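With chain H fixed as given, assemble chain Y onto it according to the hints.
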Amino acid sequence: MREGGSFSDTAEATVNSAAPMRVRLPAFEGPLDLLLHLIQQQEVEIADIPIAKITKQYLETLELMRELDLEVAGEFLVMAATLMRIKARTLLPAAIAEEEEEDPREGLVRQLMEYSRFKEAAQDLSRLESDRRLLYERGAPAQLEDPEASELLPVSLFRLLDALKTVLARQAPPIAHTINAEPVSLEEAISLMRSRFLSRPRLLFEEILLSFVTRIEKITAFLGLLELLKQGRVAATQETLFGPIWIEWRGDEPPDPDRNEEGDA
Amino acid sequence: MPTPKQIVEALLFASDAPVGLSALAEALESPPEEVAVTLRELGREYEKTERGVALVEIAGGYQVLSRKECAPWIERMLRARRKVRLSRAGLETLAIVAYKQPITKVEVDSIRGVDSGGALHTLLDRNLVLIQGRSKGVGRPLLYATSPEFLSYMGLNDLADLPGLKELGSVLEERERAQEELPLSAEPAPVEGAT
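The listed protein sequences correspond, in order, to chains H and Y. Counting with my numbering, you get residues 25 to 289 for the letters of the first sequence. Counting with my numbering, you get residues 437 to 631 for the letters of the second sequence.
Just so you know, these hints were derived from the structure itself, not from any lab. Some hints here could point you the wrong way.
What the hints assert, rightly or not - Below 30 angstroms or equal to it, Euclidean Cα-Cα: the simulated BS3-like pairs (lysine-lysine) are:
id, chain 1, residue 1, chain 2, residue 2
1, Y, Lys504, H, Lys143
2, H, Lys80, H, Lys189
3, H, Lys254, Y, Lys541
4, Y, Lys536, H, Lys143
In this text, all values refer to a predicted model and were calculated from it rather than measured experimentally.
This is chain H alone, in the form it adopts within the complex:
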């Protein structure tokens, strides 16, 4: 299946030795999803969306995505324009604004509410799906699942970006940077992380990134992690929604679909 539940099987990345890596944002991580995520973080109601603050955070996330060379889908830019237009209208002096009957946020609020209802409905369906999966009919199902049996929450790209933001913010910006050493390449970063995993298969996201010194190295390491996730060599999980993010080593071999043919061990 092309679109998977966890981030790992949805991001598409290609690695060339020299060319910058491009990671395509999975289709389901759309602008409405990002906005809901930001609103949820603010712990405000959708109807009271603090437009200036949310716009700022939205643009910051886009900027970070660009810095990571993630391909930002056109829908994200359209939404950025919408947000800035709404923000401009809310800043109009009261006298002019009075002519406008409705809250400039109304259209967006309605869209977010509708989307959020279906996000909840999707969660309901997910629960039904889980329950139904416990009931087996005669004969084995045809399709195979990669052995992602863990019931831990898969971590979304946005959560990973948040975590990256936190790690990067912890570092004071260098006053002047002299580039004297060749920065770590993507392959080197992956190889470094791999050797750490081999001694300990489960590491905290932060502890991995903090083992890289400069900002550019951290970003390279982050891209390396995305690549490992995409290849299924690591999994990113959380025990609780805002809990620490764990990165778990799964092994170098991609999940083998014929595994079950060998019978039970």
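This is chain Y only, laid out in the frame that chain H set:
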């Protein structure tokens, strides 16, 4: 001569998908009401004798399924031979189709704020969604609806058993009310050959 109960049990055993009451009645050459009574008896018997399987009403039909308490052992034996779960994009798209059917792709896209072509394609591939026809609107776009397999996949007997959409505010209510009046297909056909 086997009893009707034995025949019903054999018919359900021989089928790997829900069987409709009418199909059972036809095979037994008895009135559906009688078969319904037999089915209830059989179901109660399964309960009483603490079997590993149960008689379940699903997707508008009847099916013998393993008890959920037995799932861990089945999983241990079958290992990775389970169906792939739907992705978040898939579930979101499916939820929109389920509650707003029939619906065009453009309408799904506008609710999700992103292109849902890939997700719809996957859902069509997995027979959870089907194309019901064409809208009378401009360009006569395709209309998507849920399939009988959708009910089976979610363990529902009827679309009316879908959990209610949660109300988030009054903004949407009017619009939703109009949508909810859409007739949902009353009696889904039993699933054929779903594995």
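Open item on the list: Please list, smallest to largest, the hint numbers that this structure does not respect.
Closed with: Of the numbered hints given earlier, the structure breaks none, since each of them holds.
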